[in-house]
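Could you put the whole structure together from the sequences, leaning on the hints where they help?
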Amino acid sequence: MYDALATICQKAKESGLPFWEVVCREDAQEQGITPDTSFQSMRVMYRVMCEADRSYEKDLKSASGMVGTEGEKMRLYRTGTGAVSGDFMALICERALKTAASNACMKRIVAAPTAGSCGVLPAVLISMQERYRLPEDEIIRALFVAGGIGGVIAARASLSGAAGGCQAEVGAASAMAAGAAAFLRGGDEDRIIHAAAIALKNLLGLACDPVAGLVEVPCVKRNVIGAVGAVTAADLSLAGIDSVIPADEVIDAMGRIGSKLPEEIRETGIGGLAGTPSASAITQRLKGEGAL
Amino acid sequence: MTLTDIIGPVMVGPSSSHTAGAARIGKVAYKLLGERVVHADVFLHGSFATTGRGHGTDRALLAGLMGLKVDDPRIPDAFALAEDAGMTWRFDVIDLGSEAHPNSVLLKLKGESGKELSVVAASVGGARIHVTQLDGLAVSFSGDLPTIIIHHIDQPGKIAEVASLLERKNINVASMRLYRAHRGGHAVMVFECDSEIAEEDVAWLAAQEATVRVIYLSQARK
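As given, the protein sequences belong to chains W and P, one line each in that order.
Going by this note's numbering, the first sequence opens with residue 1, and the numbers climb by one from there.
Going by this note's numbering, the second sequence opens with residue 1, and the numbers climb by one from there.
Wrong hints could be hidden among the right ones.
Only pairs whose alpha carbons sit at most 30 angstroms apart, straight line, appear in this in silico DSS-like list of lysine-lysine [claimed, not checked]:
| # | chain 1 | residue 1 | chain 2 | residue 2 |
| --- | --- | --- | --- | --- |
| 1 | P | K169 | P | K31 |
| 2 | W | K61 | W | K73 |
| 3 | P | K69 | W | K61 |
| 4 | W | K58 | W | K260 |
| 5 | W | K73 | W | K260 |
| 6 | W | K58 | P | K69 |
| 7 | W | K287 | W | K61 |
| 8 | P | K115 | P | K169 |
| 9 | W | K287 | P | K108 |
| 10 | P | K108 | P | K169 |
| 11 | P | K69 | W | K221 |
| 12 | W | K58 | W | K73 |
By construction, these hints were calculated from the structure, which means they are not laboratory data.
Rendered as structure tokens:
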């Protein structure tokens with residue numbers, strides 16, 4: 001995997017290959033497989049994402065009872081009253097809630113890049129495929145764009161909430177989805193990485209502070225912010241707005257911030273939201289019920 | 001790390017470390033035992049002990065011990081499945097010391113033939129794992145590759161014995177580590193290989209002088 005987005009862009013410019021293909025070819029070489037095999041295994045990932053979206057169960061709740069039904073509520077609101085943010089944005093919110101809640105309910109998802117942030121990419125990609133009637137292959141290419149961005153974040157910073165806070169999970173997912181969305185609207189390698197940089201900048205410093213240590217609150221709703229932020233970042237970039245700080249430097253900043261975050265807000269379930277009186281009461285209740 | 005670690009794995013939620021990693025530990029331990037598990041004593045350490053239940057760590061471990069994969073939708077029903085399979089189990093907490101990774105577990109397994117194995121493993125991020133102890137001796141391998149673990153008496157020539165066999169069979173070694181309790185005492189060699197070692201070759205290694213026990217982790221065996 002590459003350790004700089006600038007390197008991927010440079011290779012794309014030198015070779016004339018699109019961003020996604022530079023990523024795909026390098027992955028194939030590293031794994032000792034053909035680019036087509038790599039492409040087909042990415043297709044499997046997208047199909048599982050679609051299956052997770054379709055098989056959302058509206059009445060299912062997580063073992064703690066804190067999350068589960070949000071996706072259906074959002075659907076009813078979107079198709080009923082209509083959403084302030086418009087139907088497309090509301091649909092993205094709905095999908096992010098559905099997949100993230102399914103994860104909390106022990107259903108089958110694709111960790112992308114993590115289980116806690118698994119709702120971001122499917123929310124953006126499935127909704128864009130529907131809206132623009134895109135062929136599946138185009139979405140698979142977009143997943144390579146996302147994967148390339150995620151790989152660089154893993155190499156330069158981190159993709160773990162325990163190491164870098166939520167900015168490393170939902171923040172990274174948002175950057176990956178932003179690049180993918182920019183690509184799907186015809187953005188070249190520069191538009192892709194500016195979109196990623198803008199999305200990640202908006203979530204820098206985000207704490208990982210799950211209530212009772214569970215991947216539920218605030219994780220499920222943060223998937224929405226990651227997805228919505230990705231689409232707006234893609235729009236900014238496609239409008240020709242650059243990130244003043246280059247993408248690789250934004251990622252480095254994320255890594256440095258992550259290492260400076262106190263342990264209480266790095267997936268320990270101690271500080272931040274997890275340390276509020278309400279969270280403590282929930283934790284006590286769950287312990288009493290033997291659910292923790 | 002490869003691209004499938006970034007977009008992937010496909011898994012049953014909610015946590016890549018506490019659910020998928022736990023299921024993978026169970027499955028690798030089952031493969032190391034090499035036969036159906038009839039009883040498991042499971043000792044949870046650190047974060048596995050404190051937040052494991054809410055993440056389904058207990059169910060994921062049992063599912064893995066029954067050979068289920070990390071994306072098997074039956075993971076949430078692992079208790080019922082294990083009961084139906086006639087498996088017995090006991091969960092407890094343990095302090096494996098400050099050196100142990102926070103997501104660690106000690107598994108004491110008994111197989112259908114009466115064979116026993118104790119495994120300490122850690123879920124180290126994503127769904128990746130690390131086996132850190134086998135039958136009380138320190139080891140270190142990921143479980144991603146065909147792996148042969150040889151308990152033997154520390155004496156000259158033991159490494160060459162394995163290395164020359166692997167050379168004859170044209171098997172490339174990805175990593176090799178040697179651990180010993182003390183000079184001339186109990187020692188362990190771990191070879192991670194790029195391809196499978198045939199059953200008869202594993203048996204040949206087990207029959208060599210000063211070899212106490214050979215455990216082979218195959219990636220082909222289901």
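**Request:** Run the structure past the numbered hints and jot down the numbers of the failing ones, going up.
**Result:** Structure breaks hints 4, 5 and 10.
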